[in-house]
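**Q** Produce the entire structure from the sequences given, and follow the hints as far as they go.
Residue numbers (the working numbering), protein chains in the order written: chain A, 2 to 113; chain B, 47 to 160.
These are calculated hints, taken from the structure and not from any lab test.
Heads up, some of the hints might be wrong.
To be verified - Cross-link-like lysine-lysine pairs, in silico, DSSO-like; alpha carbons within 30 Å at most: (1) A:LYS108 <-> A:LYS4; (2) A:LYS70 <-> A:LYS4; (3) A:LYS70 <-> A:LYS105; (4) B:LYS111 <-> B:LYS53; (5) A:LYS4 <-> B:LYS111; (6) B:LYS53 <-> A:LYS108; (7) A:LYS105 <-> B:LYS53; (8) A:LYS70 <-> A:LYS108; (9) A:LYS105 <-> A:LYS4; (10) B:LYS111 <-> A:LYS105.
Said to hold, decoys possible - Here chain B is said to cover these stretches of chain A; the calculated rule only asks that three of the stretch's residues, wherever they fall, bring their Cβ under 8 Å from a Cβ of chain B: (11) 43–52; (12) 101–109.
To be verified - If you anchor each label on the Cβ, the simulated ranges turn out as follows: (13) A:SER42 <-> B:LEU160: 19 to 27 Å; (14) B:GLY106 <-> A:PRO113: 40 to 48 Å; (15) A:GLU67 <-> B:ASP145: 26 to 34 Å; (16) B:GLY98 <-> A:ASN55: 38 to 46 Å; (17) B:ARG61 <-> A:LEU81: 23 to 31 Å; (18) B:ILE109 <-> A:GLU17: 45 to 53 Å; (19) B:PRO85 <-> A:PRO22: 20 to 28 Å.
All figures in this text were calculated on a predicted structure; none of them were measured in a lab.
Yeah, the Cβ is synthetic: ideal placement off N, Cα and C, and Gly gets one too.
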Amino acid sequence: DAKTTQPNSMESNEEEPVHLPCNHSTISGTDYIHWYRQLPSQGPEYVIHGLTSNVNNRMASLAIAEDRKSSTLILHRATLRDAAVYYCILRDPGGSQGNLIFGKGTKLSVKP
Amino acid sequence: SAVISQKPSRDICQRGTSLTIQCQVDSQVTMMFWYRQQPGQSLTLIATANQGSEATYESGFVIDKFPISRPNLTFSTLTVSNMSPEDSSIYLCSVRPRDNQPQHFGDGTRLSIL
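**A** As structure tokens, then:
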């Protein structure tokens with residue numbers, strides 16, 4: 002399985018933008034880049050995903066490098082509720098199972 | 047998005063006993079999965095619950111220890127058999143409604159074994 006590398010932890014101030022990096026140098030052409038987050042005492046929730054182009058939704062933006070070997074999840078204005086562990090995951094929907102395999106993620110702390 | 051209900055939400059069990067965790071989804075879904083999250087760790091995929099056939103287990107997980115049922119497109123169970131303290135974890139049900147859609151997760155079953 003293609004793997005991702007994320008910083009163990011990051012800190013942000015409330016109402017400031019947050020850029021969460023992810024390296025995936027062994028990504029294949031059919032791997033989608035998915036981001037999930039897990040708030041304390043909850044199951045993971047979907048944030049965003051993309052293949053090649055940058056993506057925006059109501060929660061976040063996903064910036065994908067031109068060579069696809071890295072990506073950045075952007076929270077435009079962090080709130081206290083955004084404190085969570087953020088997981089960057091590669092998934093090939095056409096793979097043998099195409100399952101989500103979680104790494105260690107980045108624990109984001111948001112200071113008021 | 048699919049709404050997932052897991053029962054029980056938590057339990058404390060004696061070693062050597064078994065517990066069955068139920069996962070109910072409010073709509074029919076293509077794929078259902080079971081994950082384990084040990085204390086302070088990330089999620090590990092246990093198996094894919096296949097409707098009408100045996101589950102597909104990941105390396106390190108076996109059917110005798112974690113039997114899984116999936117009788118229809120909205121329901122699955124995971125049994126943790128012959129429990130030991132090492133099985134103390136959060137067990138999460140996850141679904142993918144259609145093949146190219148995001149996965150959704152329940153809030154998990156927090157299991158402690160004494």
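**Q** Look at each hint and say if it fits the structure.
**A** Tested hints:
Note on LYS108 of chain A and LYS4 of chain A: the hinted pairing holds, with a Cα-Cα distance of about 18 Å set against a maximum of 30 Å. Among the hinted pairs, LYS70 of chain A with LYS4 of chain A is consistent with the structure: their alpha-carbon atoms are about 11 Å apart, no more than 30 Å. Restraint check for LYS70 of chain A and LYS105 of chain A: the C-alpha separation of about 18 Å stays at or below 30 Å, so the hint holds. Taking the CA atoms of LYS111 of chain B and LYS53 of chain B, the gap is about 19 Å. The hint holds against a cut of 30 Å.
The suggested pairing of LYS4 of chain A with LYS111 of chain B holds, with an alpha-carbon distance near 28 Å, which does not exceed 30 Å. Restraint check for LYS53 of chain B and LYS108 of chain A: satisfied, since their Cα atoms lie roughly 28 Å apart, inside the 30 Å limit. Between LYS105 of chain A and LYS53 of chain B the alpha-carbon distance is near 27 Å, which keeps this suggested pair within the 30 Å criterion. The hinted pair formed by LYS70 of chain A and LYS108 of chain A meets the criterion: a straight-line CA distance of about 22 Å does not exceed 30 Å.
Distance restraint check for LYS105 of chain A and LYS4 of chain A: the Cα-Cα separation of roughly 11 Å lies within the 30 Å cut-off, and the hinted pair is therefore satisfied. Between LYS111 of chain B and LYS105 of chain A, the direct Cα distance comes to roughly 25 Å. Compliance with the 30 Å bound is thereby established for this hinted pair. Counting residues of the region 43–52 of chain A whose CB lies closer than 8 Å to any CB of chain B gives 6, which reaches the minimum of 3, so the coverage claim holds. Closer than 8 Å: that is the beta-carbon criterion, and the region 101–109 of chain A has 6 residues meeting it against chain B, so the requirement of 3 holds.
One distance hint, 19 to 27 Å for the beta-carbon pair SER42 of chain A and LEU160 of chain B, holds here, with the actual separation near 21 Å. One distance hint, 40 to 48 Å for the beta-carbon pair GLY106 of chain B and PRO113 of chain A, holds here, with the actual separation near 42 Å. Hint check: GLU67 of chain A to ASP145 of chain B, Cβ distance near 28 Å, so the stated range 26 to 34 Å holds. The hint said 38 to 46 Å for the Cβ distance between GLY98 of chain B and ASN55 of chain A, and at roughly 41 Å that hint holds.
Between ARG61 of chain B and LEU81 of chain A the CB atoms are about 40 Å apart, so this pair departs from the stated range of 23 to 31 Å. Separated by about 49 Å at the C-beta atoms, ILE109 of chain B and GLU17 of chain A satisfy the suggested range of 45 to 53 Å. Remark: the range hint 20 to 28 Å for PRO85 of chain B to PRO22 of chain A is upheld by a beta-carbon distance near 27 Å.
The structure does not agree with numbered hint 17 stated previously, though it agrees with all others.
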